[in-house]
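Colleague: Here is what each chain is made of, one letter per residue.
There are 2 protein chains.
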Amino acid sequence: MKNVLAKESACWIWYPGDWEIWQHEQISIRRKMRGVIFPAFWRLDRHYSSVVFSYTYELEQDEEVTITADGHFSVYFDGRDNERYNQTKMMLPRGKHELMVAVYNDIKVPALFIEGAHIKTNESWKVSCYDKQWHCAGSWEEMLNDPTVPPSEYRLATIPKLPVNIEKKEDGWMVDFGRETFGYLQLNGISGRSGLRIYYGESREEADDREHCVQLDRLEADSFQADTFTLPETRAFRYVQIVPDSADFQLESISMLYEYLPVDYRGSFQSSNQRLNDIWETSLYTFHLNTREFFFDGIKRDRWVWSGDAYQSFLMNYYSFFNLDVAKRTLIALRGKDPVVAHMNTILDYSLYWFSGIYDYYIYTGDAAFVQSQYEKMVSLMDFCLGRRNGEGMMEGIEEDWVFVDWADIDNRGEVSTVQVLLCRSLETMALVAELVGDTERKPVYQDLAKELRAKIMDIFWDHEQGGLVHSRFQGILNSKVTKYPNMFALMYGYLDQEQVESVKRKVMLNPEVQGIKTPYMRFYELAALCEVGEHQYVLEEMLDYWGGMLDLGATSFWEEFDPKQTGHEHYEMYGMPYGKSLCHAWGASPIYLIGKYFLGVKPLSPGYETYMVEPKLGRLEWLKGSVPVGPGEVEINMDTEKICVRATHGKGVLKYKKDGKSFEASIPCDGSWIEVYTSIELKQ
Amino acid sequence: MKNVLAKESACWIWYPGDWEIWQHEQISIRRKMRGVIFPAFWRLDRHYSSVVFSYTYELEQDEEVTITADGHFSVYFDGRDNERYNQTKMMLPRGKHELMVAVYNDIKVPALFIEGAHIKTNESWKVSCYDKQWHCAGSWEEMLNDPTVPPSEYRLATIPKLPVNIEKKEDGWMVDFGRETFGYLQLNGISGRSGLRIYYGESREEADDREHCVQLDRLEADSFQADTFTLPETRAFRYVQIVPDSADFQLESISMLYEYLPVDYRGSFQSSNQRLNDIWETSLYTFHLNTREFFFDGIKRDRWVWSGDAYQSFLMNYYSFFNLDVAKRTLIALRGKDPVVAHMNTILDYSLYWFSGIYDYYIYTGDAAFVQSQYEKMVSLMDFCLGRRNGEGMMEGIEEDWVFVDWADIDNRGEVSTVQVLLCRSLETMALVAELVGDTERKPVYQDLAKELRAKIMDIFWDHEQGGLVHSRFQGILNSKVTKYPNMFALMYGYLDQEQVESVKRKVMLNPEVQGIKTPYMRFYELAALCEVGEHQYVLEEMLDYWGGMLDLGATSFWEEFDPKQTGHEHYEMYGMPYGKSLCHAWGASPIYLIGKYFLGVKPLSPGYETYMVEPKLGRLEWLKGSVPVGPGEVEINMDTEKICVRATHGKGVLKYKKDGKSFEASIPCDGSWIEVYTSIELKQ
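So the protein lines, in turn, are chains A and B. Offset between the first sequence (1-based) and our numbering: plus 172. Offset between the second sequence (1-based) and our numbering: plus 172.
When the alpha-carbon atoms are kept at most 27 Å apart in a straight line, the in silico DSS-like pairs for lysine-lysine are as follows:
(1) B:K500 / B:K615
(2) A:K549 / B:K304
(3) B:K500 / B:K280
(4) A:K509 / A:K615
(5) A:K775 / A:K830
(6) B:K815 / B:K775
(7) B:K509 / A:K304
(8) A:K280 / B:K509
(9) A:K304 / B:K549
(10) B:K824 / B:K769
(11) A:K834 / A:K824
(12) B:K261 / B:K298
(13) B:K298 / A:K509
(14) B:K653 / B:K737
(15) A:K775 / A:K834
(16) A:K298 / B:K509
(17) A:K298 / A:K268
(18) A:K509 / B:K549
(19) B:K280 / A:K509
(20) B:K509 / A:K509
(21) A:K304 / A:K549
(22) B:K830 / B:K815
(23) B:K690 / B:K653
(24) A:K280 / B:K280
(25) A:K549 / B:K509
(26) A:K769 / A:K834
(27) A:K549 / B:K549
(28) B:K304 / A:K509
No lab work stands behind these hints: they were computed from the structure.
With the sequences and hints as input, model every part of the structure.
Modeller: Laid out in structure tokens, this is it:
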């Protein structure tokens with residue numbers, strides 16, 4: 173018999189955001205450059221070491237509770253702070269009392285777990301860092317609910333994996349794990365005493381290049397206490413070269429512990445084109461490797477959390493794992509703490525992507541509580557951004573700001589139009605969340621600012637002759653070069669009228685005279701924008717060419733940058749390093765998003781997929797099928813040139829399709845039963 | 173031969189303020205209530221874990237340096253951050269280079285020590301927490317200059333002390349150390365196996381009261397690995413009761429390690445009145461016990477850094493140790509980091525005392541560099557304060573603000589006049605430091621605000637009939653009760669004209685109808701104000717009565733509160749606890765300040781004692797003599813009813829004295845030679 177008065181179960185609680193911020197601090201120094209630390213080059217914020225939890229209860233009988241804290245703790249009641257207790261088992265007095273628990277931990281996150289018949293720690297407890305403000309406690313009920321494992325002990329999962337090939341070399345071994353992977357190398361059946369040098373490579377060339385490979389380990393002979401040794405730190409690699417100092421060192425076998433975040437593979441895709449299916453699978457694998465404590469940029473380098481990169485990962489996630497925990501962790505970690513004195517990751521545009529990440533999070537998940545919890549930090553970041561506008565009301569890089577936009581030959585001095593488009597979207601996000609929290613004072617301010625800025629963007633940057641937005645204005649003088657960046661964002665955010673959309677499509681996006689994009693990072697938006705204007709067939713060909721091009725070169729995960737015109741070693745070089753390029757970069761996985769949103773065609777119309785549209789497109793495929801998570805449910809789609817079958821288990825979906833040149837819509841029931849419509853699409857050849 | 177190109181010597185460097193802030197975090201949780209932690213109840217700020225140091229050098233030859241870091245480090249040159257090094261010995265390339273060193277330490281303060289023939293870490297190095305801002309590195313050249321002892325290993329000094337009496341009791345021992353002390357209890361020549369209970373007392377009664385003493389230790393039998401055991405944590409006590417669980421536990425001796433901050437005893441005082449001399453000595457001992465990593469409020473309780481308490485310690489320090497390091501550490505620790513979201517120590521008036529502490533620091537030391545380094549944090553704290561003014565431009569407690577003023581029966585709701593006086597002084601401090609840093613924009617703003625507020629205080633709170641400032645105004649209605657608080661601050665800060673001064677003296681300060689003050693905390697200002705208006709004889713009598721009253725009760729250090737009307741156990745009670753009162757409280761030591769400033773009569777007229785006044789007063793003493801530090805030098809005074817002798821070793825001092833009812837001045841040479849003036853003062857009996 174369950175006691176109806178009792179909450180479901182206890183879980184660990186902490187100051188909201190602090191576990192995430194502490195985790196982020198820890199992971200941000202795991203990048204190493206040939207064995208030497210390379211910490212993230214932005215301010216790393218920290219958890220509060222001293223916090224106090226509060227919970228007001230009413231008990232009919234005295235109740236024994238068990239108290240576990242990660243840190244030193246003291247309990248007191250009803251503000252009588254001179255009478256303090258710190259026993260693990262404690263009898264709570266009956267009646268109505270305010271229970272207070274101070275917890276201190278300067279090394280790990282102070283966290284609390286209390287369990288009795290009725291009294292159980294959960295997110296309804298309040299917590300303060302003694303700054304006179306109280307918040308709902310942070311928690312992760314599903315995962316961090318074991319009193320013997322405090323939040324600071326949380327680790328990703330591991331599973332042993334074996335290499336596909338071990339090659340004996342003159343002075344060691346070259347090991348091939350068959351594809352890009354991540355985790356702890358394991359040496360088994362060690363005999364002989366020797367120091368070891370270990371060289372890792374995402375490519376065989378890199379593992380083979382002892383002088384230049386990015387990751388290496390150096391082990392002293394006395395490292396090996398047992399006959400099996402697991403390296404203490406994770407590395408990203410496909411190949412490993414192991415070189416003992418002494419020839420009598422022998423190994424029975426080599427393996428690894430693959431480390432990963434357990435996720436549900438909720439998005440799926442298959443089509444008539446095997447190359448596209450391979451691209452989907454490799455994208456998903458690339459994305460999963462980078463989906464960890466947070467959304468990383470790349471697993472070899474930088475192993476950091478970058479806002480612009482994460483913004484794309486959020487979107488890919490909605491079409492694959494729909495894992496909200498990692499998304500929330502990432503948003504929290506990126507934002508860090510106040511005061512804001514520099515841009516996120518030091519990059520102006522990266523502050524702005526964070527707002528768009530909040531916008532999308534709300535639209536895709538409907539989780540108002542989380543975005544509301546971020547509102548104060550949204551306001552202070554926006555205050556910082558608005559404080560850095562110039563006299564024209566536009567943002568530009570000042571002092572040491574890095575205005576990134578893309579790795580490309582572009583001039584980002586002065587007022588960059590892309591930045592203003594992103595700021596406009598950020599202001600819309602502020603207005604949206606101001607509405608959710610009931611901030612009736614700020615909401616119209618943000619709305620007006622967004623409206624004014626949008627008008628100003630069109631007024632200043634729209635070039636009638638060239639039919640698109642120009643790149644920037646510097647010291648009052650327009651840089652009349654049209655680039656794809658501002659145009660594709662303006663298009664996606666709905667800032668263009670129908671005529672402008674047509675113009676941008678023809679004169680900018682499909683215009684070979686306009687500077688091409690060579691990072692998967694910006695190809696993400698480029699191809700999304702082209703899908704928005706119905707260029708699915710073009711996008712399909714681009715995907716097959718571009719991502720297929722990496723597969724042709726043997727890629728087992730997608731890269732940070734790919735220029736089909738490069739050859740040989742050029743593909744590994746970046747940042748002046750022979751193997752500087754990351755060969756497993758989250759932003760390389762964008763086909764997940766492109767296929768899910770534009771080929772399977774699923775997108776939310778109202779927050780949390782309460783209503784949504786399904787508008788599948790074949791491009792030039794013969795058939796496709798797959799599933800997309802829609803909040804707590806799924807949509808399954810099966811389409812060929814004759815018909816479309818759809819079923820769903822959540823929300824009010826509408827299937828949108830064309831037949832005989834006309835548009836039709838059909839409601840999708842949410843009980844999981846299939847609907848089927850006949851389309852008779854002609855395959856263009 | 174000293175190489176003239178080489179800097180004097182290397183020292184440890186860190187992010188400015190972070191070592192102090194880390195120390196403050198550590199000490200703020202050392203208070204225990206009967207063995208249970210009682211952390212400070214305000215936000216504890218933290219050090220940055222990830223920082224980067226920068227130094228641009230020019231070397232004619234390659235130079236080998238030794239690199240020691242407290243934390244993980246990596247070295248790179250000229251922004252080439254992909255080429256990193258972490259060897260302890262390293263050859264720096266000749267030529268002009270920017271040397272960068274990243275240091276990470278999440279547990280202790282990241283710190284760096286580099287030493288070569290020419291290249292040495294010192295405060296001229298720059299450091300950043302990667303927020304795009306660079307600061308001069310923090311350091312403590314005189315003390316933290318040993319590469320084998322990182323700043324986080326800094327400890328106060330200790331010296332063994334023996335008890336004056338050990339009494340065998342039925343089930344243990346009662347140990348008397350003769351006077352109030354602080355440190356680690358030591359048990360020597362342990363035999364027999366037993367757990368121990370240890371009860372500490374500032375009074376014998378407290379150590380004897382196992383149920384209610386504030387401090388205790390509980391040791392398990394297996395704690396004692398050797399035959400001598402030093403308790404791991406410091407306690408404040410005079411008496412210790414040691415009770416073994418088992419009767420066969422024996423000790424050869426009991427001792428303690430007295431822990432203290434090494435300071436110079438620069439201020440001295442002796443007079444014809446032995447009771448006053450005892451008061452001076454006990455004050456000095458009380459003050460030294462509370463002068464530690466920072467200026468503490470009390471050594472038993474709270475062992476915390478409180479701004480209002482520290483403000484008085486700063487002033488006592490200028491007349492005793494003149495230890496600028498502990499003053500700077502305290503100012504830094506109190507201020508912590510941004511953002512400011514609550515008042516310092518949660519108390520409105522305590523935010524304001526911090527500004528006055530800066531003011532006095534500059535006046536007494538002339539150390540412009542330090543106050544300049546605090547300017548940014550002064551601005552953000554003042555922004556917070558100004559943001560909390562009401563529509564009348566005055567500060568009042570809002571939301572959860574604690575408006576303290578004093579432990580007394582006073583109503584601090586609404587606009588408290590004392591608070592406005594303190595705010596006015598704070599604004600004057602802002603204007604002073606704005607001038608020092610050349611902030612010509614903000615300086616006149618602060619000046620005008622101060623001027624307006626001063627006029628408003630007089631306009632609203634001055635009561636012509638009662639002849640003083642009334643206590644407060646709440647919801648538009650004056651609380652016409654006159655209290656000493658606003659009047660004594662207004663008097664000391666020079667906000668009253670001569671007529672008002674006379675009125676305040678007669679109708680408020682010396683008026684027995686006006687509510688008396690019973691904390692040494694506010695007696696500090698009360699007696700200082702009375703000295704300002706020439707009531708030295710009255711003040712002398714008060715000192716002899718009040719502080720002498722504690723000595724009569726056997727005090728070996730001065731108390732947090734003393735009410736001569738109380739008897740017996742009442743003297744130990746406070747905060748609802750039988751032994752809640754601190755019997756060694758820094759604010760109990762104010763005779764140091766009163767005697768130094770008003771009897772020895774030394775006060776700076778311009779920053780750092782470049783010019784100063786010496787105006788010794790006997791009160792009704794037959795003679796007095798003593799010394800006061802004046803920056804790098806000293807003033808020595810020797811006075812009796814016939815003559816005054818003065819000599820000094822710094823600055824331009826002026827001796828001010830009266831003879832035959834007329835005022836005279838004499839210049840004091842700074843070469844240490846005596847000057848002598850004859851006064852023929854009549855002793856009033």
